[in-house]
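For chain A, the structure is supplied; the task is to place chain B on it using the hints.
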Amino acid sequence: MALDKNDIAKRIAKEVKNNYFVNLGIGIPTLVANYVRKDISVEFQSENGVLGMGPFPFEGEEDADIINAGKQTITTLPGASYFDSAMSFGMIRGQHVDLTILGAMEVSENGDIANWKIPGKMVKGMGGAMDLVASADNIIVAMMHVNKAGESKILKKCTLPLTGVGCVKKVVTELAVLEITPKGFKLLERAPGVSVEHIIASTEADLLIEGEIPEMVIN
Amino acid sequence: MHKNTEKLKNDMINKKVNTVQDALVGIENGMTIMLGGFGLCGIPENCIAELVQKGNNGLTCISNNAGVDDFGLGLLLHKKQIKKMISSYVGENAEFERQMLSGELDVELIPQGTLAERCRAAQAGIPAFFTPAGFGTEVAIGKETREFNGKMHVMEYAFKADFAIVKAWKGDTAGNLIFKGTARNFNPCMAGAAKITVAEVEELVEAGTLDPNQIHIPGIFVQRIFQGEKYEKRIEQRTVRQK
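If you read the sequences in order, they're chains A and B. For the first sequence, the working numbering begins at 1 and goes up steadily by one. For the second sequence, the working numbering begins at 1 and goes up steadily by one.
Just chain A, with the same shape it has in the complex (with noise of 0.2 angstroms):
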């Protein structure tokens, strides 16, 4: 059976480990916070200008001037910090932060990915994800395998304006878990119940299979 979004954000929180510093994209990947294991030390990065994000704040106590980069009312954990932008973006180039997590419309098996631009129908901005994407070491990518219309969005080539070149490392969709390698997309886990057939039907890239491939763990 394909994931839902939580299941998602919880299989990626397995790929947080003890002493990370995370950036965590809106949709999906801010569901991940959720999930990471409470026995490890991590921090959460908002590129609007604060790192040790807390849970959301109890009714009440919501703070205007406290918020992450999806604008959402936040608080700060015990050793928080807040800073401008340009020295959040800082912490970004400068690879101080280990994992981002975001989101895509598309990704290709050189590991480009489109996000921010449906051309003639959708200009939201970049936002910071052009910055994330270009600078991190390791970066994982939410997204649903199939649109809709029930189209690949796993493509040998983006159709849509790219927001980085060669830059995803791994996605977790809800059918698979994918690498990418320099010979393409690599198929790491199938979702629970899902076929390996299901999910090279449902993909329009190539896909790398070795052996056989386990079952997502999820819980």
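Calculated from the structure, these hints are not laboratory results. Please read these numbers as outputs of a predicted model, since none were measured by experiment. Just so it is clear, CB atoms sit at the ideal spot from N, CA and C, and this is done for glycine as well. One or more of the hints may lead you astray.
What the hints assert, rightly or not - Label pairs and their computed distance ranges (CB to CB): (1) A:Leu-77 - B:Val-25: 41 to 47 angstroms; (2) B:Lys-84 - A:Thr-159: 27 to 33 angstroms; (3) B:Lys-151 - A:Phe-21: 18 to 24 angstroms; (4) A:Glu-151 - B:Pro-212: 55 to 61 angstroms; (5) B:Gly-208 - A:Gly-79: 38 to 44 angstroms; (6) A:Thr-181 - B:Phe-71: 20 to 26 angstroms; (7) B:Val-52 - A:Ser-195: 57 to 63 angstroms; (8) A:Leu-77 - B:Glu-108: 17 to 23 angstroms; (9) B:Lys-143 - A:Ser-81: 32 to 38 angstroms; (10) A:Glu-197 - B:Lys-83: 52 to 58 angstroms; (11) A:Asn-19 - B:Lys-243: 47 to 53 angstroms; (12) B:Tyr-157 - A:Leu-208: 38 to 44 angstroms; (13) A:Ile-218 - B:Asn-29: 57 to 63 angstroms.
As the list claims (entries may be wrong) - Simulated crosslink set (EDC-like; lysine to aspartate or glutamate; CA at most 20 angstroms straight-line): (14) A:Lys-124 - B:Glu-203; (15) B:Lys-84 - B:Glu-138; (16) B:Lys-170 - A:Asp-65; (17) A:Lys-117 - B:Glu-138; (18) B:Lys-170 - A:Asp-63; (19) A:Lys-124 - B:Glu-138; (20) B:Lys-243 - A:Glu-62; (21) A:Lys-121 - B:Glu-229; (22) B:Lys-233 - A:Asp-206; (23) A:Lys-124 - B:Glu-92; (24) A:Lys-117 - B:Glu-97; (25) A:Lys-121 - B:Asp-22; (26) B:Lys-180 - A:Asp-65; (27) A:Lys-121 - B:Glu-203; (28) A:Lys-124 - B:Glu-95; (29) B:Lys-151 - A:Asp-98; (30) B:Lys-230 - A:Asp-63; (31) A:Lys-148 - A:Asp-137; (32) A:Lys-38 - A:Glu-62; (33) B:Lys-170 - B:Asp-106; (34) A:Lys-121 - B:Glu-138; (35) B:Lys-233 - A:Glu-62; (36) A:Lys-14 - A:Asp-4; (37) B:Lys-230 - A:Asp-65; (38) B:Lys-230 - A:Glu-62; (39) A:Lys-124 - B:Glu-229; (40) A:Lys-156 - A:Asp-98.
Frame of chain A; chain B shown alone:
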């Protein structure tokens, strides 16, 4: 107070202006204005309201976002005072989208870190810099690129602006600024990044009242400062958890 100390205090450069009108003297049609804020957080609410009153048009605005339909820079967009918007993210604003798609509004979208650094470069007297952001994308079209340490970078220029308008939590009459929480965002990068910097603050105190150790932006970057009023501080995405 010792006589000499009194003398020094009087010699302190006084940046205080009494009204938002005084703070924005000299803004003319067609000027380029930087405005601090991220979403609606840390925006100069009083100055934006006054710009709407003044009615200047043909403005080029440099700001990370463009407000929402009825607040922030959305108010200037609504009155068609903005000719060009330089931002990184412009969702959440239907009027913006309409003006952009119809061609009434010129829009330059640039990566957020590049936007911040182009402000900081202007503040710090650095004419241009290289960043990896946007290499291989349409953002890099027509720009000089260069390889450093095996990685490709794009050359970006410092902004040139007539006015920078920033918002701080506290300030003093010498122009020193202290920010609160994530309302800091682009404000410190824009202070001193234009010919004239205007700071509006929630609380304005006499020079000497704030601890110099706690100052985020020294007054040298600020030409005019005033205490704003009636801060609305709207929340775009009020998100809470249950107790």
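Against the structure, the hints come out as follows:
no. : hint                                      : verdict
1   : A:Leu-77 - B:Val-25: 41 to 47 angstroms   : holds (44 angstroms)
2   : B:Lys-84 - A:Thr-159: 27 to 33 angstroms  : holds (29 angstroms)
3   : B:Lys-151 - A:Phe-21: 18 to 24 angstroms  : holds (21 angstroms)
4   : A:Glu-151 - B:Pro-212: 55 to 61 angstroms : holds (60 angstroms)
5   : B:Gly-208 - A:Gly-79: 38 to 44 angstroms  : violated (32 angstroms)
6   : A:Thr-181 - B:Phe-71: 20 to 26 angstroms  : violated (48 angstroms)
7   : B:Val-52 - A:Ser-195: 57 to 63 angstroms  : holds (60 angstroms)
8   : A:Leu-77 - B:Glu-108: 17 to 23 angstroms  : violated (37 angstroms)
9   : B:Lys-143 - A:Ser-81: 32 to 38 angstroms  : holds (33 angstroms)
10  : A:Glu-197 - B:Lys-83: 52 to 58 angstroms  : holds (55 angstroms)
11  : A:Asn-19 - B:Lys-243: 47 to 53 angstroms  : violated (31 angstroms)
12  : B:Tyr-157 - A:Leu-208: 38 to 44 angstroms : holds (43 angstroms)
13  : A:Ile-218 - B:Asn-29: 57 to 63 angstroms  : holds (59 angstroms)
14  : A:Lys-124 - B:Glu-203                     : violated (35 angstroms)
15  : B:Lys-84 - B:Glu-138                      : holds (19 angstroms)
16  : B:Lys-170 - A:Asp-65                      : holds (13 angstroms)
17  : A:Lys-117 - B:Glu-138                     : holds (11 angstroms)
18  : B:Lys-170 - A:Asp-63                      : holds (17 angstroms)
19  : A:Lys-124 - B:Glu-138                     : holds (15 angstroms)
20  : B:Lys-243 - A:Glu-62                      : holds (13 angstroms)
21  : A:Lys-121 - B:Glu-229                     : violated (40 angstroms)
22  : B:Lys-233 - A:Asp-206                     : violated (50 angstroms)
23  : A:Lys-124 - B:Glu-92                      : holds (8 angstroms)
24  : A:Lys-117 - B:Glu-97                      : holds (13 angstroms)
25  : A:Lys-121 - B:Asp-22                      : violated (42 angstroms)
26  : B:Lys-180 - A:Asp-65                      : holds (7 angstroms)
27  : A:Lys-121 - B:Glu-203                     : violated (44 angstroms)
28  : A:Lys-124 - B:Glu-95                      : holds (13 angstroms)
29  : B:Lys-151 - A:Asp-98                      : holds (19 angstroms)
30  : B:Lys-230 - A:Asp-63                      : holds (16 angstroms)
31  : A:Lys-148 - A:Asp-137                     : violated (31 angstroms)
32  : A:Lys-38 - A:Glu-62                       : violated (25 angstroms)
33  : B:Lys-170 - B:Asp-106                     : violated (35 angstroms)
34  : A:Lys-121 - B:Glu-138                     : holds (17 angstroms)
35  : B:Lys-233 - A:Glu-62                      : holds (12 angstroms)
36  : A:Lys-14 - A:Asp-4                        : holds (16 angstroms)
37  : B:Lys-230 - A:Asp-65                      : holds (15 angstroms)
38  : B:Lys-230 - A:Glu-62                      : holds (19 angstroms)
39  : A:Lys-124 - B:Glu-229                     : violated (32 angstroms)
40  : A:Lys-156 - A:Asp-98                      : violated (28 angstroms)
Violated hints for the displayed structure, listed by number in ascending order: 5, 6, 8, 11, 14, 21, 22, 25, 27, 31, 32, 33, 39, 40.
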